[in-house]
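In this text, residue positions in the sequence shown follow the UniProt record's numbering: the first is 1, and each later residue adds one.
There's no promise every hint is true.
What follows is a set of in silico ranges between Cβ atoms, one per label pair, in the way DEER data are often shown [stated by the list, open to error]: (1) VAL67 with PRO29: 16 to 22 angstroms; (2) GLY183 with ALA126: 17 to 23 angstroms; (3) PRO193 with PRO88: 26 to 32 angstroms; (4) ARG91 with ALA126: 32 to 38 angstroms; (5) PRO93 with ALA4: 19 to 25 angstroms; (6) SER185 with TRP82: 18 to 24 angstroms; (7) ARG107 with GLN177: 25 to 31 angstroms; (8) ALA32 with VAL167: 38 to 44 angstroms; (9) PRO117 with PRO29: 14 to 20 angstroms; (10) VAL67 with LEU149: 27 to 33 angstroms; (11) THR61 with LEU149: 29 to 35 angstroms; (12) GLU120 with GLN6: 20 to 26 angstroms.
None of these hints come from the bench; they were simulated from the model.
All C-beta atoms, glycine included, are put in the ideal place defined by N, C-alpha and C.
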Amino acid sequence: MRTALQPDDALLVVDMQNDFLPGGSLAVPDSAAIIPQVNSCIERFTANGLPVFASRDFHPTDHISFVANGGQWPPHCVAGTWGAEFHPDLRLPDSVIIISKGTDAGREAYSALDATPLSEVLEEKAIERLFVCGLATDYCVLASAKDLLDAGYLVTLITDSMRAVNVHEGDGDRALQSLIELGASTTTCNELP
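Given the sequences, and given the hints that come with them, work out the whole structure.
What follows is the structure, given as structure tokens:
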């Protein structure tokens, strides 16, 4: 079934960065496979004159999430490095609004709303519904979508345009199910106009 886009819709592309894709320090399994769909989603929103947001981890070198600092992850997406850059095959429009998160060395921040200006920009642009895609389903997509739902936004997950880390088998499926239970809807890229 086609999903109609409305003037108060926006796309949130979560963390399509080199370190989360093949060759990166924290590559998400099968992550490269979603690049064509994510690009197609971006093109559809841009063609409809709708905003595209792209979140990114943008960590200092001593970030709390890194194993050396007591966290659970290898160093990744360190600000100013290749790993923090968006993947070169990702076709973000010139009008993209980049949201940097995890910039405070002492705080974890999986959500694109955590200590970022995203809420204010969404309010300023009168956005009511966000379509969410990217990496990773069970971490930053989950946290961002949950915070958007908690803030009263409508959330539609573009399920063929995201991938999970799956530290524990099924984490991605459980993340999607929990978001659906909280009120998120789902679609695929091909169902967008």
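Verification of the hints:
no.: 1; hint: VAL67 with PRO29: 16 to 22 angstroms; verdict: holds, 20 angstroms
no.: 2; hint: GLY183 with ALA126: 17 to 23 angstroms; verdict: holds, 20 angstroms
no.: 3; hint: PRO193 with PRO88: 26 to 32 angstroms; verdict: holds, 28 angstroms
no.: 4; hint: ARG91 with ALA126: 32 to 38 angstroms; verdict: violated, 26 angstroms
no.: 5; hint: PRO93 with ALA4: 19 to 25 angstroms; verdict: holds, 21 angstroms
no.: 6; hint: SER185 with TRP82: 18 to 24 angstroms; verdict: violated, 36 angstroms
no.: 7; hint: ARG107 with GLN177: 25 to 31 angstroms; verdict: holds, 28 angstroms
no.: 8; hint: ALA32 with VAL167: 38 to 44 angstroms; verdict: violated, 20 angstroms
no.: 9; hint: PRO117 with PRO29: 14 to 20 angstroms; verdict: violated, 31 angstroms
no.: 10; hint: VAL67 with LEU149: 27 to 33 angstroms; verdict: holds, 31 angstroms
no.: 11; hint: THR61 with LEU149: 29 to 35 angstroms; verdict: holds, 33 angstroms
no.: 12; hint: GLU120 with GLN6: 20 to 26 angstroms; verdict: holds, 21 angstroms
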